[in-house]
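Protein sequences appear in the order of chains A and B. In terms of our numbering, the first sequence opens at residue 1 and continues consecutively. In terms of our numbering, the second sequence opens at residue 161 and continues consecutively.
What the hints contain is simulated information worked out from the structure, not anything from laboratory work. Nothing here was measured: the structure is a model prediction, and the numbers come from that model. We put the beta carbon where it would ideally sit given N, CA and C, even for glycine. All the given hints hold, so there is nothing to weed out.
Subject to a maximum C-alpha distance of 25 angstroms in a straight line, what follows is the list of computed DSS-like cross-link-like pairs (lysine-lysine):
#1 B/K546 / A/K98
#2 B/K748 / A/K98
#3 B/K690 / B/K550
#4 B/K748 / A/K106
Quick look at which bits of chain B chain A covers, simulated, 3 or more residues with Cβ under 8 angstroms:
#5 361-372
#6 389-401
#7 515-529
#8 736-748
Just a few of them, taken from the derived set where beta-carbon distance is under 7 angstroms, the chain B residues facing chain A:
#9 S178
#10 G456
#11 R458
#12 I591
#13 Y605
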Amino acid sequence: MSSIKVELHENQVNELVEVCKSFSNDPFELIHVLHKAQSIFGYLPAEVQEIVARELKIPVAKVYGVVTFYSFFSMIPKGQNPISICMGTACYVRGAEKVLEEFKRKLAVEVGETTKDGRFSLNCLRCVGACGLAPVVMVGDKTYGRVSPDGVQEILAEYM
Amino acid sequence: MIKHKIHILVCGGTGCKSSNSDLLVSTLRNELIENGLDKEVQVVLTGCFGFCEQGPIVKVLPDNIFYVGVKPDDAHEIIAEHIIKGRKVQRLLYVDPKTKERIQDAKGMNFYKKQLRIALRNCGFIDPESIDESIARDGYAALAKVLTELTPAETVQIVKQSGLRGRGGGGFSTGLKWEITAKSQADQKYVVCNADEGDPGAFMDRSILEGDPHTVIEAMAINGYCTGADKGLVYIRAEYPLAIERLKIAIKQAREYGLLGQDIFGTGFNFDIDLRYGAGAFVCGEETALIHSMEGERGEPTFKPPFPSEEGYLGKPTNVNNVETYANIPPIILQGAEWFSSIGTEKSKGTKVFALAGKVNNVGLVEVPMGTTLREVIFEIGGGIKGNKKFKAVQTGGPSGGCLTEKHLDIPIDYDNLIACGSMMGSGGMIIVDEDDCMVSMAKYYLDFTVEESCGKCSPCRIGNKRLYEILETITKGKGTVEDLDRLRNLSEVIKDTSLCGLGQTSPNPVLSTLDNFLDEYEAHVKDHKCPAGQCRDLMTYWIEPENCVGCTACARVCPVSAISGERKEVHIIDAALCIKCGACLEKCKFNAVYVS
Ligand SMILES: Cc1cc2nc3c(=O)[nH]c(=O)nc-3n(C[C@H](O)[C@H](O)[C@H](O)COP(=O)(O)O)c2cc1C
Ligand code: SF4
Ligand code: SF4
Ligand code: FES
Numbered sequence: 001m002s003s004i005k006v007e008l009h010e011n012q013v014n015e016l017v018e019v020c021k022s023f024s025n026d027p028f029e030l031i032h033v034l035h036k037a038q039s040i041f042g043y044l045p046a047e048v049q050e051i052v053a054r055e056l057k058i059p060v061a062k063v064y065g066v067v068t069f070y071s072f073f074s075m076i077p078k079g080q081n082p083i084s085i086c087m088g089t090a091c092y093v094r095g096a097e098k099v100l101e102e103f104k105r106k107l108a109v110e111v112g113e114t115t116k117d118g119r120f121s122l123n124c125l126r127c128v129g130a131c132g133l134a135p136v137v138m139v140g141d142k143t144y145g146r147v148s149p150d151g152v153q154e155i156l157a158e159y160m
Numbered sequence: 161m162i163k164h165k166i167h168i169l170v171c172g173g174t175g176c177k178s179s180n181s182d183l184l185v186s187t188l189r190n191e192l193i194e195n196g197l198d199k200e201v202q203v204v205l206t207g208c209f210g211f212c213e214q215g216p217i218v219k220v221l222p223d224n225i226f227y228v229g230v231k232p233d234d235a236h237e238i239i240a241e242h243i244i245k246g247r248k249v250q251r252l253l254y255v256d257p258k259t260k261e262r263i264q265d266a267k268g269m270n271f272y273k274k275q276l277r278i279a280l281r282n283c284g285f286i287d288p289e290s291i292d293e294s295i296a297r298d299g300y301a302a303l304a305k306v307l308t309e310l311t312p313a314e315t316v317q318i319v320k321q322s323g324l325r326g327r328g329g330g331g332f333s334t335g336l337k338w339e340i341t342a343k344s345q346a347d348q349k350y351v352v353c354n355a356d357e358g359d360p361g362a363f364m365d366r367s368i369l370e371g372d373p374h375t376v377i378e379a380m381a382i383n384g385y386c387t388g389a390d391k392g393l394v395y396i397r398a399e400y401p402l403a404i405e406r407l408k409i410a411i412k413q414a415r416e417y418g419l420l421g422q423d424i425f426g427t428g429f430n431f432d433i434d435l436r437y438g439a440g441a442f443v444c445g446e447e448t449a450l451i452h453s454m455e456g457e458r459g460e461p462t463f464k465p466p467f468p469s470e471e472g473y474l475g476k477p478t479n480v481n482n483v484e485t486y487a488n489i490p491p492i493i494l495q496g497a498e499w500f501s502s503i504g505t506e507k508s509k510g511t512k513v514f515a516l517a518g519k520v521n522n523v524g525l526v527e528v529p530m531g532t533t534l535r536e537v538i539f540e541i542g543g544g545i546k547g548n549k550k551f552k553a554v555q556t557g558g559p560s561g562g563c564l565t566e567k568h569l570d571i572p573i574d575y576d577n578l579i580a581c582g583s584m585m586g587s588g589g590m591i592i593v594d595e596d597d598c599m600v601s602m603a604k605y606y607l608d609f610t611v612e613e614s615c616g617k618c619s620p621c622r623i624g625n626k627r628l629y630e631i632l633e634t635i636t637k638g639k640g641t642v643e644d645l646d647r648l649r650n651l652s653e654v655i656k657d658t659s660l661c662g663l664g665q666t667s668p669n670p671v672l673s674t675l676d677n678f679l680d681e682y683e684a685h686v687k688d689h690k691c692p693a694g695q696c697r698d699l700m701t702y703w704i705e706p707e708n709c710v711g712c713t714a715c716a717r718v719c720p721v722s723a724i725s726g727e728r729k730e731v732h733i734i735d736a737a738l739c740i741k742c743g744a745c746l747e748k749c750k751f752n753a754v755y756v757s
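Please model the entire structure based on the sequences and the hints provided.
In C-alpha cells form, the structure reads like this:
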C-alpha cells in the first residue's frame, strides 16, 4: 500500500462507520460495505480499508485481499471524467483496440491511470450491453457508440 | 387503472438508452400533452426488443407498427402524423436490405421470422417497472398454480420432464438439480440466481432482468417452494445499474402485492429475495466462486463435490441457476412439460437466447428453438455479414468456447453438437468474424481475457494461460516458429486436464479450435511471417504507391506521428521507422495510393 497518507473528511468517515453499522458490522457483508465505501470516497485508499477492517473486526490484509481481487474496486482516485473503453468481444472485433490506442496517445496515460491534471482517467471494461453500437466508449454515465479513432478528439473536446 | 387506447412502446434496453431513448420518451409525452392526447395514448418504456442494430425502436399498438432508428426529433412527426392523422411515418419503417421494401410489422422481418420467444416473451411488450403489466401477461400465475395445485415433488417432476437444461453454460438438467437440493437435509436452504453474466460480448441475462424482472422473481419463488428454501439471493454484476434498479423496483412491488414475503397466496409459503453485488471478476460466475463472493470473500472456486446443492452458501444447500434458466420456468409450469419438450432437439429442449454481435448486419438478441442451424441464425436472422465481406468464423461460448467455420454452418445448434465440434453453448454469446479478422489475434484476445480473470489459485491456469498468451503474442509479432504450434497444443491439453475449475478447464478452447480450423493462418504467421487477414500490426508495412499519389496531403494531415512527408502536389513518402501502423492514412486516401503488405 502507498506510504502517502490520504486525509479523509471526517463526515465521510462517519458515514462509512454508519454504513458498517447498517450491515451489523458483519464480515460476510464486506463486499457490500466496500461498494458503499467506494461510492462515498470515489475509491478505496489504504486508510479507508483500515477503517473497514476495524469496524468489521477483520484483518486489514483480508480487506486488501478482497479489494485487489475485484476489478471494480480501485485504489487510485478516478479522474473527474472517467473514460471506459469497452473491450468486450463485439467491440473488439469492431475495432475497440484502435480507439483505445488513440485515447492512450491523446491523454498520454496507460490503462488504469489518471491524467496529471486529474481531468481524465482511462479504463477498460467488458461489454456494457450495447453491442449494437460497437465500439462503445463511456465517459462517466454517458455512452458513445460507433466510435472511431478519428472521433476521439471530438469526445475529449466535450470535457475540456 | 386508466385504459389507454393506444400504446407507444419505446425500447429502454441499455443499447437504445445509450442512443437517447429516454429523451425520446419524454419528447413523445410532451407532444401528447400539448395535443391533449395523454389520456388516450400511453408511452411505455419497455425492455429490449432484441433488434439492437436498428435502435432505438418504437412500436405503436394496436396498429402494430414497428419504427426503427427513431430519434427524439422524430417524436413530433410520430404524434402529428401517425397518432393524430392515422398515417404511418414511412421513412421510419424498416427497409428490407434485399427487397428494399418497407416493412411495418415485426412479423414480416427476417430478423423475427425464425425466432421463438419463450424466455424473452415479455421483453419489449411490458413496462418492466409495472407489476400490473406483468400480471396481465400471466406473471405470477405459475407461482399461484404450484402453490395451490401442486406439491413440490410434482412441480420438480414437471421441470424434470420438460428436459430444461441450465442456460448458464454447463447444461445440467435443471429438474435434477432441484431434486438434489430438495433432498438435501438442512434447517436452512437458499435459492440463488446467477446474474453475473461474465462472457464479454453477451447480454442475454441483462436484457431479461431489464425487460422482465418479475419472471425471475416468480421462478425463484417456485424454486424455493420445490427445494424448501425461504430465502433467495440474486448475485448481479455491479456493472448493470439499470438491471439492478429494475430488479429492486420489481422486488418492492412483489412484496407490496404479497407475492414475496410471508404466507404467499395464503398457503403458508414464505419466500423473500435479496441482492448481492458482483465486483468485476469473471470467475465469480462459477458457482462455488460466486458463493464465496456472496460470503464477502475473494471469489476463488473450490473443488466440487461437495456441490452447492448439498453444501453452498454459509454451508447450506443452495440451488444456483442462471437468469435465462429461470425465465423458462413459468411457461413450463403453465403450458406443461410436454409442450416444452416438443421444442428443440432430442437432448436439448426448448429455445436458447443468443447475443448475436460482431461483423453481422443485425446485431441483437435472438431466441431460437434448439436445433436451428448456425446458418439460419447468422444469414437469415442476422442478415449476413456486414459490408458484404466474407464470413470467416463464429465464436460461441465466449472465452470457454471455440471458433466454428463454414463447414459447421449447417449443424443444428444444441449442447452436444457444439461440444462435438470443439466449441460449446456457453451462456449464449455469438460473435461473428469476417475475412479481415486474424484468428491468431482472436485466440490471443481471449487468452488475454483469461490471464486477467484467472483467480490464480491453481498454477496450470495462472501460469499456463500466461505462457499460452506469450506464445501467441510472439506469433503475432512474426517471431514465432513451427515448434511453437506444438507447444501451444501440448500446453493447452495440460491446462485443460489439470485446472481446478471450469475457467481453466476450458480456457485453452479458443486456441485449440483455431489451431484445428485455421492452421493455415498460424502457419502463415510462423513460416512466412505474414498475417493473411492483415490485422497483425508488426507484420505490416505501409507504403505509398508513387504512381497513384497526387500529393493531396490528406494522409500527412491525419498521420498521428507525422511519419508522412511530401510537398503539396508532390509524391508523399512514409517513414517506416516512425510509422506506428495505425492505418489512418489508408482510410483517408481517396486515390488508392496507400498500400499495406
Ligand atoms: C468460469 C466460469 C464462469 C461462469 N460464468 C457464468 C455466468 O456468468 N453466468 C451463469 O449463469 N453461469 C456461469 N457459469 C456456470 C455456473 O457455474 C453454474 O453452472 C450455473 O450458474 C448454473 O446454472 P444453470 O444450471 O441454470 O446454468 C460459469 C462457470 C464457469 C466455470
Ligand atoms: S482454473 Fe483458474 S480460475 Fe479456476 S481455480 Fe484455477 S486459477 Fe482459479
Ligand atoms: S499508418 Fe498511421 S502512422 Fe503509419 S504513415 Fe499511415 S497514418 Fe502515419
Ligand atoms: S462488447 Fe462492447 S458493448 Fe458489448
